Amino acid sequence: GENVEQHPSTLSVQEGDSAVIKCTYSDSASNYFPWYKQELGKGPQLIIDIRSNVGEKKDQRIAVTLNKTAKHFSLHITETQPEDSAVYFCAAGGNAGNMLTFGGGTRLMVKP
Amino acid sequence: GAVVSQHPSRVICKSGTSVKIECRSLDFQATTMFWYRQFPKQSLMLMATSNEGSKATYEQGVEKDKFLINHASLTLSTLTVASAHPEDSSFYICSANKRTDTQYFGPGTRLTVL
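Top to bottom, those sequences are chains R and C.
Going by the numbering used here, the first sequence opens with residue 1, and the numbers climb by one from there.
Going by the numbering used here, the second sequence opens with residue 113, and the numbers climb by one from there.
Keep in mind that the hints were calculated from the coordinates and are not lab data.
Hints are supplied without guarantee of correctness; some may be wrong.
Said to hold, decoys possible - BS3-like cross-link-like pairs, simulated, lysine-lysine; straight-line CA separation at most 27 Å:
| no. | chain 1 | residue 1 | chain 2 | residue 2 |
| --- | --- | --- | --- | --- |
| 1 | C | 176 | C | 132 |
| 2 | C | 176 | R | 58 |
| 3 | R | 42 | C | 176 |
To be verified - Here's a subset of chain C near chain R, in silico, CB distances under 10 Å, partners left out:
| no. | residue |
| --- | --- |
| 4 | 141 |
| 5 | 143 |
| 6 | 212 |
| 7 | 218 |
None of the values given here were measured: they were computed from a predicted structure.
Note that the Cβ used here is the ideal one computed from N, Cα and C, for glycine as well.
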């Protein structure tokens, strides 16, 4: 089955700096890669996703890149703000009954 | 939009009690609903996948007689934790998708079994 690894597990940045979170996946048949933000005590919220037919997608301060050959994808947050502090999860799917396989999560802390 | 609700948000019960958690897609019909369990500071662990009108598919290691799933309609799925024990205490989250593989998550239910 699919295996998704996510790094780093914790990331601390200064407000205004950029943050990058990286994920790798094992199943070359995966073709859908969403990113979720989870705040304490809440459910994950979809923030951006990308499909394997594109290499990059951007939405304001958030961007995701995908390298199908290397089987890795990354989340980029620019001009970070304290409210960006949360746990971020990457996932891979699209190849087995709409199921997603999640990475281990990254705790992002943005210091004011 | 794609809004998913869960009820209750928090439940505290005595050991041996059965607890039912509802998951609803409020503004769309969900082809599939998923139930996850999340321990503190850990990732989401898929428990089961359910489709309306059919039996749920459970992940390996998840007891189907312990975690009963009923998917009564295209907008409602329920998870019943039968005879809950302290080790069942966790954060339970459902998600739903609408025709594609995009999953929208509910706000979660915090279960504490005393």
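Here is how each hint holds up against the structure:
Annotation: proposed proximity of residue 176 of chain C to residue 132 of chain C holds, straight-line Cα distance about 14 Å (limit 27 Å). Between residue 176 of chain C and residue 58 of chain R the CA atoms are separated by roughly 41 Å; this puts the pair beyond 27 Å, and the hint is violated. Only pairs whose Cα atoms come within 27 Å are accepted, and residue 42 of chain R paired with residue 176 of chain C is accepted, the gap being roughly 26 Å. About 14 Å separates the beta-carbon of residue 141 of chain C from the nearest beta-carbon of chain R, more than 10 Å, and the hint is not met.
With 10 Å as the threshold, the beta carbon of residue 143 of chain C comes within range of chain R, its nearest partner Cβ sitting at about 8 Å, so the hint holds. Annotation: residue 212 of chain C was flagged as interfacial toward chain R, and the flag holds, the nearest CB pair being 8 Å apart, inside 10 Å. With a cut of 10 Å, the hint placing residue 218 of chain C at the interface with chain R holds, because the nearest CB-to-CB distance is about 5 Å.
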